[in-house]
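Going down the list, the sequences are from chains R and C.
Per the working numbering, residue 337 is the first one in the first sequence, and the count goes up by one each step.
Per the working numbering, residue 271 is the first one in the second sequence, and the count goes up by one each step.
The hints are simulated quantities; they were obtained by calculation from the structure and are not laboratory data.
In this text, all values refer to a predicted model and were calculated from it rather than measured experimentally.
C-beta: ideal position from N, C-alpha, C; glycine also.
Treat the hints with care, since some could be wrong.
Rough simulated footprint, nothing fancy, chain C against chain R, three-plus residues with beta-carbon under 8 Å [claimed, not checked]:
#1 384-398
#2 415-422
#3 430-442
Covered stretches of chain C, as calculated for chain R (at least 3 residues, CB under 8 Å) [said to hold, decoys possible]:
#4 279-286
#5 370-380
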Amino acid sequence: MIRTKGLTKYYGSRCAVRDLSVTIQDREIVGFLGRNGAGKTTMLRMLAGLLAPSSGQIEIDGQVMDATEGDFRWRIGFLPDRPPLYEQMKVRGYLEFVARLRGFPISKLAARIAQVLEFTSLTDRADDSIMSLSQGYKQRVGIAQAVVHDPALVILDEPITGLDPVQLREIRALIRDLKQEHTVLLSSHNLQEVHQTCDRLLVIEEGKLVFSGTEQEATERGRAQASLLVTTKGEKQLVQSTFDAAQNEGLVSNWDFERSLDGEHTLRVSAAREDAPESLAKAIVQSGLGLRALGTATDQLEDVFAELTEKAQ
Amino acid sequence: MSSANQPSALSGIALIVRRELSQYFGTWSGYIIAAAMLALSGLLYNVFALGSAPRYSNDVLSDFLNYASGTTMTAGLLFSMRLIAEERQTGTFPLLASSQLSDGQVVFAKYLSALALIVIYLVLTTPLAGLVFINGKVAFAHILGGYLGLMLIGSAAVAIGLYGSALVDSQLVALIISAVTLVVLLLLWITSRVVDGWLGDVISYLSLHDKHFRPFMDGTVSTANIIFYLSITAFFLMLSRNALEARRWRA
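So that you can see chain C by itself, here it is in the shape it has in the complex (with noise of 0.2 Å):
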């Protein structure tokens, strides 16, 4: 027999998402998804967010972090849409199944991955924020507040985008599956409108964005509503994770 492996799973996570982040840095895929969010979001700041007539530097950060939010979430999905479903494609995932890790550290060390590219893409995101900050007068708290609320809403997209790459080998049919579930996701308080009851009050909960990410628009943060995109991510998390298992079982 050989010699006695010492299995870490911190170790071995550690190990994929430094992989993967030099996978990002060592191609032009993940250059030219920051690249054209940023020039979205400039544009949508531009555009909408400062607008042609005066206003409230409040209104003009809230708006700024309304139209980020949806940066952040289509470079969640963007960015998570191949963790597992190009590994499928090229044939590599069989290094990850047989490793020592389990499914479910495989799934939280590609969430990781991605993770740290969205808080990198929000970091290139701040002179927007900056401008309004010093050219304006918000509270730095008011930025802190949205940008964590940023921060949690692309943590459920990127889960809601590798759950999507765990299911199917194309990327593209990945990228498919999550982005209609982000947007009914999305669109759940346009649904609790025409729900009437308690059925309705769970619906419009359960929306991703209007009950949940205003309150962070507006510098507010409450522990409900981080407890609510925590939530949210670790229930994808846990999709993917039995996604992987159901193929060790299927084939």
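Looking at chain R on its own, in the form it has when it is part of the complex (with noise of 0.2 Å):
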């Protein structure tokens, strides 16, 4: 278990993280989510070791750790926002070199590198240079070195940045493996990550944590109503009329057309009651219209995160 004590960090006057007191449980995935500047990486970094806080504490099972000692730092595996990668080293070479500078035994090493090589998927690249892999293998072995001497704790800045939608749909499955080992703390801008990825959220904000608890516990703390996204085909007028008549009946508390293309038009909704989507398509069918798509809007933590992190200010 990671437990933070009044962490607080300042730089110069400035205080970058407030009085933060967190507590991680084992295997569990934490998303740390904040805008640019909110002390994220501060405390990431505080997390991992390479700063010193100005006040407070980390434990880490109990054990308080001390930045400028280096005995605890093989509890924390940490991958920064920029993987940490000598390019000209092959992968099995480096991971060897990363395990064993963190003080790995050299005699479990060969089966623990073979181990991270799978599981990580890395196995056929294992004897390539750095240099030579795509964004997305670097990234994975970006993440082989934050593992491979099986840490407690796994950090993880801003794990999926600069990946295309076919990688990060790998690294997005391979972060939700660590769980089976680790603990993880990841921080991220891009919400739908967290929302797919992890078990819990810290919304910190101007140095200060705002929230911690699920996602789902977010949403009713920020009162966000559920969105829908809606789209049917059919002239726009009746679309109009059969989306009001749902507002008078109190199944939808507003709604707005998104876009709207060759008669198909996709609607934005706030919908009011928790039978709404099978209410409102039936109301669709009912009307005449076309229903071609009924969903949760995706960016929905969006308006969660928006109206926390604006609540703090």
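Relying on the hints, combine the two individually framed chains into one complex.
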């Protein structure tokens, strides 16, 4: 279990992190959210032992960390926003170097490297030089170096930055798999990433923790209503009257056109009732409109995030 | 909790030294620096140490050691300027900062790797001294003492270069800072001439080359001079460690 108590960091007179107390349970994936400059990276770097806090402390399994001592660092694996790769080294040699640098026993090294290579799907590229790898593979090597010494806590700072959609999906699956053996703390600007990967969210704003809980709790706390995206086919006037009627019935609290093209209309709808999706589908079909798609708006978390951070200001 | 790892500072230091050396030998930079300094040493040896007029072998060897001290110090700065600054530039420093090693151990590992390169460089210069030994009449102890001096002054230059590298992220700025520091330390003997009393003596004592290297040029090895160079080395290594530790508190 990782616990911070009153963690505070000043840069000169500016307070980057203020009195932050959080607890992260074993085998938990926690998403660390915050706007640029909110203090996320400072917090992660303190947890990784790269920065000493101005006050407060960090405990790992009850033991207090000292940032200037190296003894505890093997318990932590850290992937900065820019993977720390010696590009001229080969993947296997690099991982061996990192593991040994963090004191991993030589007797178990070969088996551990093979295990990590397999876990990160790098076995086929193990003898390639890192500079020859694509961005996605480099990110895998970055994650591999963070876990190769079998740490208790893995910290990933913006692990999906710069990846294409295929790489993103692969890395996302990899991060989920980390949970089997490690506690994971990741920061991301991509709220969907946090939505799909994490068990719990920590939202930080101006160095202060403004929320700690599950995504569902965040939604409740932000009082954000469920947003639906509905795509219909038909006359725009008919669409308008159908949704006005739904609003009058109290089925939806608000709605608006997102886009209209060739008689196909996509609308963003704020549901007012729990049965809104199925009732709305029924109303659309009964009105004679075609129903092309109906689902939860994927950027719902963004609304919650904006509300939480704006509240904190 | 994961299995307990067994931290070992020595193996960590050895790992960093090995990686640094393989980095130098795996790229052109190490070869280019060594080749340039060797060419310069050869040139200075031929033009100034040997000269055109007949000279005593001892004078030739002393002059060679004098010029070699300059190229060794330059090589020390060039070898060390990238040691930490490059890690920061390429984003790999967090690997070292989050390793089991303390900042002092990381600094020492980096120092050892550059010192190893200085030793290799000095070995490559031995044919020049060997020519004097074979063709002239000098004591082997004179050569040994001279090379000990070269290694010590090279060690001090590496530590000064490492300090510059620990201060800033740019290798070029690191080189400028270290070069200015080195030149100031070299020129202290001139400063001491215009300062009277005990302060003048202190400044004169701190001069990196004048009082402390000249005895090595003559083949004289004194414990005081060895301690002086080791102290300068230790002082700048300590400053380098402090610079790294300060970064943990700063940013």
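Each hint tested on the structure:
Counting residues of the stretch 384-398 of chain R whose beta carbon lies closer than 8 Å to any beta carbon of chain C gives 6, which meets the minimum of three for the stated coverage. With a threshold of 8 Å between beta carbons, the proposed coverage of the stretch 415-422 of chain R by chain C holds, since 6 of its residues qualify and at least three are required. Using a Cβ-Cβ cut-off of 8 Å, 8 residues of the stretch 430-442 of chain R lie near chain C, which meets the minimum of three, so the contact claim holds. Coverage of the stretch 279-286 of chain C by chain R holds. Counting CB-CB distances below 8 Å, 4 residues qualify, and the rule asks for three or more.
For the stretch 370-380 of chain C, the stated coverage by chain R holds: 5 residues have a C-beta nearer than 8 Å to a C-beta of that chain, and at least 3 were required.
The structure shown violates none of the earlier numbered hints.
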